[in-house]
Amino acid sequence: MKKLAIIATFILGTSAIFGMDEKGWASTYESMSAFDSKIPEFGNRPGYVKPIIDNLGNVLNSNWYVSASVPQSFAFEVGLPFSIIPIGDDDHTYTENDPFLGPYRTPTIFGTHGNPADTLTGDETIYGNETLNGLGVFTYPYLQAGASFYHARIVFRGMFLPSISELRKFNLFGFGLQYSFGHFFRHQLPPAAQPLDVSLVFGYNTSGIGYRPDKFSGELDLDVSTTNISLVIGYKPVSFFEVMMSLGYQSAEMKSSGYLYENVNINGIDIPTNEIRPDITVKGNNGFRFSLAAAFQFGKSFHPVIGYDYAGKSSFTTNVLYFKQQFGEDKAPDTAK
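Residue numbers (this note's numbering): -9 to 327.
What the hints contain is simulated information worked out from the structure, not anything from laboratory work.
Certain hints may be false.
As the list claims (entries may be wrong) - For lysine-lysine, the following DSSO-like pairs were computed, each having C-alpha atoms within a straight-line distance of at most 27 Å:
id: 1; residue 1: K245; residue 2: K303
id: 2; residue 1: K28; residue 2: K303
id: 3; residue 1: K273; residue 2: K303
id: 4; residue 1: K28; residue 2: K159
id: 5; residue 1: K28; residue 2: K205
id: 6; residue 1: K245; residue 2: K273
id: 7; residue 1: K205; residue 2: K159
id: 8; residue 1: K245; residue 2: K205
id: 9; residue 1: K273; residue 2: K28
id: 10; residue 1: K321; residue 2: K226
id: 11; residue 1: K245; residue 2: K159
id: 12; residue 1: K273; residue 2: K226
id: 13; residue 1: K321; residue 2: K290
id: 14; residue 1: K159; residue 2: K273
Make a model of the complete structure from these sequences and hints.
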């Protein structure tokens, strides 16, 4: 029994030095090494980190429009839109292919933990990160402002945070374009159909995220880019309410770079070990995008919008703190020249 205890202590101690966690939650080294294609056993696992760009891509590709109509007179808008994406079962596991066993499901970085006793029974599964597993929803707020004139609209969004603890950098810049076509045809429609409008929307984001885990040197850099192009159809039966539907295509991509070294403390001295050179590129939910939204107008400027999006998974959008001011009034469709 004493010999068994010594062996167990040696195995667990060795796993700590080489970045392995006793089977339970993944160690930081096991999680971070997924971004390095050159590390044997622990590295080159794009499926393990794919939920990050799946959720982030869906968030950034939302909230590009607040109406299917863009007025002819000048208008200005500003707000703090954001999306809420529930973390579901598909975020917790992914399919890995083994040359001998074939495809099997294994935890992602959002996944669950294992049984610590399995360390001594040969369990080589890399489990989820304890912090990320506790997330119930994924969100990403940003500031957004735009202006429109003669049925064309341009939107800018951004967010910047200074270095805070393990978050070394955080920046976002995006711009969107929209043009509505209703003024070409609405005056030819019967009165009941004249509140209909159609517009084309394009949105692009670029974001940089830097992360340095505790007890590590260096930095993991994630460069994210997304695009969204959609056709938006809106119907405004009364002046203070509009219902909208959009169909389109989105893309999202996350490139990793930088370097990391784990600092292992031995006899009071931090020794850099376990080099990680992130280099993989992971694509998100690229493909069809569908959304429904409802916009409200209270007074002259308060313009909240709520909606539902689907792009590989469901999300809920809100522009509750959104303000839009139009300078001048457009002519009604049946009197337009």
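Results for each hint:
Note on K245 and K303: the hinted pairing holds, with a Cα-Cα distance of about 22 Å set against a maximum of 27 Å. Our distance criterion of 27 Å between C-alpha atoms is broken by K28 and K303, whose separation comes to about 31 Å. With a CA separation close to 15 Å, the supplied pair K273 and K303 stays within the 27 Å bound. Taking the CA atoms of K28 and K159, the gap is about 25 Å. The hint holds against a cut of 27 Å.
Note on K28 and K205: the hinted pairing holds, with a Cα-Cα distance of about 22 Å set against a maximum of 27 Å. For the proposed pair K245 and K273, the alpha carbon gap of about 9 Å is at most 27 Å, so the pair holds. For the hint linking K205 to K159, the alpha-carbon distance of about 18 Å falls within 27 Å, and the restraint holds. A distance of roughly 24 Å separates the Cα atoms of K245 and K205; the hinted pair therefore holds under the 27 Å criterion.
About 19 Å separates the Cα atoms of K273 and K28, which keeps this hinted pair within 27 Å; it holds. A C-alpha spacing of about 15 Å is found between K321 and K226, which places the hinted pair at or below 27 Å, so the restraint holds. For a cut-off of 27 Å, the pair hint linking K245 to K159 stands: about 15 Å separates their Cα positions. A hinted pair counts as satisfied when its Cα atoms are at most 27 Å apart, and K273 with K226 does not qualify at roughly 37 Å.
In summary, the hint linking K321 to K290 is supported, as the alpha carbons are separated by about 17 Å, within the 27 Å threshold. Our distance criterion of 27 Å between C-alpha atoms is met by K159 and K273, whose separation comes to about 22 Å.
Violated hints, in rising order: 2 and 12; the structure is consistent with all others.
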